[in-house]
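Enquirer: Position chain B relative to chain A; hints supplied.
Residue numbers (our numbering), protein chains in the order written: chain A, 3 to 323; chain B, 211 to 517.
The set of hints was computed from the structure by calculation and includes no laboratory data.
Be aware that a few hints might be false.
[Stated by the list, open to error] In the SDA-like style, the derived pairs of lysine to any residue whose C-alpha atoms are separated by at most 25 Å in a straight line are:
no.	chain 1	residue 1	chain 2	residue 2
1	A	K109	B	Y507
2	A	K109	B	R432
3	A	K109	B	L431
4	A	K109	B	I232
[As the list claims (entries may be wrong)] Okay, the calculated bits of chain A under chain B, using three or more residues with CB under 8 Å as the criterion:
no.	region
5	86-93
6	99-105
7	114-125
From the three backbone atoms N, C-alpha and C, an ideal C-beta is built for every residue, glycine too.
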Amino acid sequence: MLPTLRVENLNVNFTQRAAAIAAVRQVSLSVWPGECVGVVGESGSGKTQVFMAVMGLLAGNAAVDGSVRFGEEEILGLDRERLNSIRGSKLTMIFQDPMTSLTPHLKVGEQLAEVLVCHAGMSWSAARDAARRMLERVRVPEAQRRMNQYPHELSGGLRQRVMIGMSLLCDPALVVADEPTTALDVTVQAQIIELLRAVRAEVGMSLVLISHDLAVVAGLADRILVMYAGRVVESASAAGLFRQARHPYTAELLKCIPSLSGPRLERLPTLRGQPPRAGDELVGCAFAARCPRVAERCRVERPLLRDGGEGAAMACHYPLP
Amino acid sequence: MLRYFLTRLAGAVPTVFVIVTITFFLIRAAPGGPFDQEQTLPPEIMANLQSAYGLDQPIWTQYGRYLGALARGDFGPSFKYKDFSVTELIGQGFPVTLELGTLAMALALILGVPIGTFAALRHNSAADYLTMSVAVVGIAIPSFVVLPFLGLLFGIYLHWLPVAGWEPASIKHLLLPVAALALPPLSVIARLVRGSMLEVLRSNYIRTAVAKGLPRRTLLLRHALRPALLPVASYLPPAVASIMTGSLVVESIAGLPGIGRYMVQGALNRDYTLVLGMVIIYSTLLILMGLIVDLLYAWLDPRVRLQ
Chain A
3 MLPTLRVENL NVNFTQRAAA IAAVRQVSLS VWPGECVGVV GESGSGKTQV FMAVMGLLAG
63 NAAVDGSVRF GEEEILGLDR ERLNSIRGSK LTMIFQDPMT SLTPHLKVGE QLAEVLVCHA
123 GMSWSAARDA ARRMLERVRV PEAQRRMNQY PHELSGGLRQ RVMIGMSLLC DPALVVADEP
183 TTALDVTVQA QIIELLRAVR AEVGMSLVLI SHDLAVVAGL ADRILVMYAG RVVESASAAG
243 LFRQARHPYT AELLKCIPSL SGPRLERLPT LRGQPPRAGD ELVGCAFAAR CPRVAERCRV
303 ERPLLRDGGE GAAMACHYPL P
Chain B
211 MLRYFLTRLA GAVPTVFVIV TITFFLIRAA PGGPFDQEQT LPPEIMANLQ SAYGLDQPIW
271 TQYGRYLGAL ARGDFGPSFK YKDFSVTELI GQGFPVTLEL GTLAMALALI LGVPIGTFAA
331 LRHNSAADYL TMSVAVVGIA IPSFVVLPFL GLLFGIYLHW LPVAGWEPAS IKHLLLPVAA
391 LALPPLSVIA RLVRGSMLEV LRSNYIRTAV AKGLPRRTLL LRHALRPALL PVASYLPPAV
451 ASIMTGSLVV ESIAGLPGIG RYMVQGALNR DYTLVLGMVI IYSTLLILMG LIVDLLYAWL
511 DPRVRLQ
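Bound-form chain B, shown alone:
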């Protein structure tokens, strides 16, 4: 198990390398540069800036330098946020985004799985149709609609929670963003679990478990739940991706100092190093997620073999 994990982790390094290389050259191929402004700078200043950031060097030299710095764990200076390195920017914002994303993912799982199971147990009843319809709405409404609505309801009318803003270690400020961010994956998970649970409940081994006279709790938790979670495991990586992109919207509406905004801003500003840093963080996270899903598969179904 540990060996499998380490082998796969080592295998992720070349993947990240390829992603970095492609991103490096793609962003350079985009027209414009980090120092282009509406008013063109005097050529001397431009030349100074270019040489200060090493942009006057041939692109292969820049690429080599970047990789060298990366190998030392240095993501380079930000081109747009003066006096900040990319490491500092991401280091400050990432914990916020990570907390937001982890809580949203946890909420989606903790609520989505029981809701889906509930709907499956009441298959074709009004409760089933109602929850599944709400789930469709949950998937369809974007978070930039949900979050202001929640803010209006719980912040402005009820005065229970702050509408926006951020304080360290304050769960109150995170509640609404987490809820808005969790809603789409929660809805997807509920629907997935309902479908797979229905299938599992019709299977021969559940019939055996019923014939054994097991109490309903044991039947569901010990015999039915694990196989019913397989599709949820497959959905985890895209769910994490959707939460990461979703956090851009949610963070800017709720005024959270996360890293969600850096990706788009960095790309628009041609902040080459910041974009690369974000790509590295996001792709590492996704690769790690894929690895966790593989381990999860092996646990959910012992017929899956890790090698």
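Looking at chain A on its own, in the form it has when it is part of the complex:
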């Protein structure tokens, strides 16, 4: 079986004032058909940039190398026309901020329908019909009325439903959801996660869920990748990761998830220190400065991602058992 998406040795560098800043370093990952992969990391860990590179959405000052295969096709460095025939139809993305991610002066219906007009060659009236049915599928109440409204007339949750519906119009093989709930109220967050779960069961596409919040990813992902300072530091099944994290960074992150049961804490646990800045030249393990298990070897030799058994992998010299 071929993975839906295979990223190999991906590097993303930004040039800023003649200096190159590495945002993504040697990242490799696969997303299999029907699978939901959670990508977790702090801001600046490069998790979003990996998928910006996949979608061809990197800023103009970015240099990218490596390989991105979507199905059988290499899509990194593909010409714009060919890329445009893939993204938006078979490979789609949901963005973090639904308030600003829809075009303010176009009606919701038009923004949905244009995807079908563009990719499926539908007539506008057929596309509008299909768009309305999609709004009903993503549980937007009064779909017909919403079609003729502008984005600012919709609540944040509804707008994110519109974004999700937009991503599903052409039966995608892979949907990338970049922090889809971060800009929303907690109660709405739960609804959107629930919707993504339902849609996945219904459509059966692969889903990448990017989040800084392990708790958001926990309920949905089959497999979780943890990123730190532009690299994947741990990869494991969701169940395995929550049972026993192998990388100290993941273990520390898990400790930071507040729990409703258990003793009341005076302070929420936090991770000490700062992640390395993007421009820093790193020798050894990027997490060494914050790691409770740090040893001399960690500061001089960078640990490679290695097999940890049961499909798990971690980049650590002294992983947790």
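Expert: Just chain B now, with coordinates in the frame of chain A:
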């Protein structure tokens, strides 16, 4: 929409009234009068003239009479152009000025918007710097330099177009004046569009549109253009004002029978009614422009509400 338009139009009447009143008393406060000449007229003739034009009446009576005539659509007789009413003078010249101004405005928009977009798409390239530098020159050079230069080039050296003069319904005579008049607003619009387009292209919704795999044309025309035109809409009223004042220079150099010259000549000659007539025309035009801009805003950005 129509109701909004009519309400705003009705609201313009008091504005024009205030402008007329202020202008009426201001021009009267200026020293001298319409019949002052280097050789002073015999007192009897002066008295006759004064009474013929009603200038012997108290100023409040004159003001009342003027407003009464205005209410009937009569702008009064010109004090300087004998046997002509202000209505006739403006009626003859205004179509020429209006045509000149409309064409210049249209040219500025039709060229300025694509040039600005082009520069934004090639941000920080040589093409971007070149167009923006030319635009600065376009803003800086006054039309009384541009027009003779164009006349020299296209009229005298190349013999393509007439240097000056006017024939009804002849676009050839208008081309050079229109180009000279359009250059400054064209340059401003190009720079405005470049700036706003750069901002729009960096916005999240354009990123969404790119991720949707839309062709570049659709991306620019459907998603990026309208928000990028907002600053241009704000610039329209001052652009119209600058074209109206600019037409004074251009019309006199190109010998066009428009109304551009009446404003300054009228003020210098103390041709009270002519100045008032011009002020009324110009202020109405500007108020109308402001109204159009408001409607334009609502179209460009549906979050703007008309009420």
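Enquirer: If a hint holds in the structure, say so; if it does not, say that too.
Expert: Do the hints match the structure? See the list:
1. Between K109(A) and Y507(B), the direct Cα distance comes to roughly 16 Å. Compliance with the 25 Å bound is thereby established for this hinted pair.
2. At most 25 Å may separate the alpha-carbon atoms for a hinted pair to count; K109(A) and R432(B) meet this at roughly 12 Å.
3. Among the hinted pairs, K109(A) with L431(B) is consistent with the structure: their alpha-carbon atoms are about 15 Å apart, no more than 25 Å.
4. Our distance criterion of 25 Å between C-alpha atoms is broken by K109(A) and I232(B), whose separation comes to about 47 Å.
5. With 6 residues bearing a CB less than 8 Å from a CB of chain B, the region 86-93 of chain A meets the requirement of three and the coverage assertion stands.
6. Counting residues of the region 99-105 of chain A whose CB lies closer than 8 Å to any CB of chain B gives 5, so the stated coverage by that chain holds, three being the minimum.
7. For the region 114-125 of chain A, the stated coverage by chain B is satisfied: 4 residues place a CB nearer than 8 Å to a CB of that chain, which reaches the threshold of 3.
Checked against the numbered hints given earlier, this structure breaks only hint 4.
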